Amino acid sequence: MDTLLAALFTGTSRGAIYALVAMGLVLVWRGAGIVNFAQMGQAMFSTYIASSLIMNGYSYWLAFFVAIAAGALLGVFLDLAVMRPLSNKKQTELLSSASMRAAVPVIASLGILGVLQALAGVFWAAEERGFQAPFAQEGYTIAGRVMPFTSFDLFVMSVVTFTLILTVLFFKKTGVGLAMRASALDQEVAKLSGIRTNGVRALSWAISGAASSLAGLLLTPTSNLSPYTLDLALIIGFTAAVVGGLDSLPGSVIGGFILGFVISFVNYYLTPEDIYLAILAVLVFVLVVRPRGILGGKDTRRV
Amino acid sequence: MLEVRDLTTSYGSVVALNSVSLTVVESKITTVIGANGAGKSTLLRTISGLEKPASGSVTWNGESLLGKRPEEIVRMGIAHVPEGHAVISALTVEENISMGALFRRRTHKNDIAQATEELYTLFPRLLERRKQLAGTLSGGERQMLAISRALVSRPSLLLLDEPSLGLAPLVVEQIIDSINVLSQKTGLTVLLVEQNANTALSVADYGVLLSLGKVAAYLPADELKADASLRAAYLGY
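Chains as they are written, first to last, in our numbering: chain A, 1 to 303; chain B, 1 to 237.
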């Protein structure tokens with residue numbers, strides 16, 4: 001019984017974070033047509049910024065919000081400085097096919113990941129360091145028994161729930177949200193409606209950067225912080241995004257929770273070593289049974 | 001007034017527009033007719049900034065449009081309804097319409113609400129279906145929606161590309177009539193591209209006959225319609 005509860009709570013809390021990671025990937029995929037493999041590198045970078053602020057005596061909450069803002073800024077910077085020039089037709093006309101041109105920014109994102117990890121090693125040394133949680137990570141004690149969920153888990157779930165509600169309202173209720181959905185669905189019609197699609201694209205990178213930085217801040221207290229700690233989160237988040245359909249935001253959230261539960265149950269009932277196998281199994285299962293993902297549109301499997 | 005001078009646009013080595021010159025007179029309907037591949041759509045796409053011309057000029061009330069992005073040209077009051085009922089299927093009818101006026105939502109909030117009302121009066125079918133996804137509409141309704149998306153920002157010039165494509169004659173007539181009424185009532189300037197020459201010429205004030213990227217004739221619409229030799233040579237009837 002305790003194991004079941006523990007698996008459920010960990011699954012929910014982890015799933016919430018993977019949902020954020022997947023959402024970040026889906027935002028950039030929809031907004032810019034790029035699978036951004038650098039995403040958790042960006043998150044790692046902003047978590048290091050938060051860590052440095054805290055070590056220099058600033059409060060956790062200041063560091064928390066500075067890191068999220070830094071994540072957004074880094075996202076915009078990557079779009080303007082790297083991705084936009086690379087997507088320029090003139091620069092890539094030497095490449096023969098459209099699919100090769102589409103691959104250029106994706107490969108560039110892998111390069112960015114490497115650069116960010118190397119830079120983090122230079123700035124902050126490559127050894128692991130702890131990253132604090134804003135709330136206790138010991139289980140609650142009810143009637144003399146230690147329960148398998150912690151204040152930090154509750155914090156994670158409420159922050160992610162709040163973020164997801166905010167995101168839904170933003171996309172459904174605001175003009176900028178409508179502009180973003182329109183640009184993601186049809187660039188030409190969006191432009192002809194007077195929507196500045198370049199600005200919208202930069203905004204996708206900003207929101208994605210902020211969401212993944214939040215994920216980084218929520219993930220690192222339970223592991224440690226090193227330039228490579230968040231690599232696994234990218235793999236899980238990407239799988240979650242593909243499971244959800246890659247072009248669907250609600251799908252990415254569902255995918256995130258599915259992965260959270262699968263990993264948590266494997267961890268508690270089998271062994272932690274089987275987690276990678278389980279992730280692969282989920283991915284293969286979805287690709288075989290429903291290749292376009294749970295909520296994906298028809299032509300998403302171009303990747 | 002829209003002035004097009006010596007406009008040449010190519011796709012790779014294929015010249016789609018070859019030194020085209022024409023004037024679109026304010027508050028009038030000008031129609032561009034011609035066979036498939038005559039360069040009609042390319043003309044509209046070059047005006048609205050979707051294609052970059054090789055040479056020539058396009059000026060709108062004295063200001064050059066060349067080098068401007070499509071989204072900036074729309075903001076100057078030139079709305080383009082591209083070929084093929086261009087709506088976003090995964091958005092609702094309401095969202096498709098409000099999308100067209102997003103760029104002036106802070107400055108013209110009340111006017112947008114009124115423009116939307118007027119469009120729903122013009123196309124009552126859209127009002128009935130305003131919560132539906134655009135992808136569930138019929139071809140005619142989609143065309144009405146695409147036109148509404150363009151008109152909701154109250155443009156001064158409407159570039160309308162083949163509204164009749166794939167539609168039943170009755171629906172075509174209804175759409176063309178609505179445009180005609182709107183132009184007469186509000187003074188909207190229209191540049192209408194059509195393959196269906198008769199329908200287009202019957203509502204237009206001026207007609208431009210394009211053939212293989214060149215202007216073969218630029219005449220008042222009734223004269224162009226009456227000219228049997230031009231019709232026989234270029235339109236084949």
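Don't read these hints as lab results, they were simulated from the structure.
Model, not experiment: these values are computed from the prediction.
Treat the hints with care, as some may be off.
[To be verified] Calculated cross-link-like contacts (lysine to aspartate or glutamate; reagent style DMTMM-like; alpha-carbon spacing at most 25 Å): (1) A/K172 <-> A/E188; (2) A/K172 <-> B/E94; (3) A/K173 <-> B/E83.
Which of the numbered hints are not met once you compare them with the structure shown? 3
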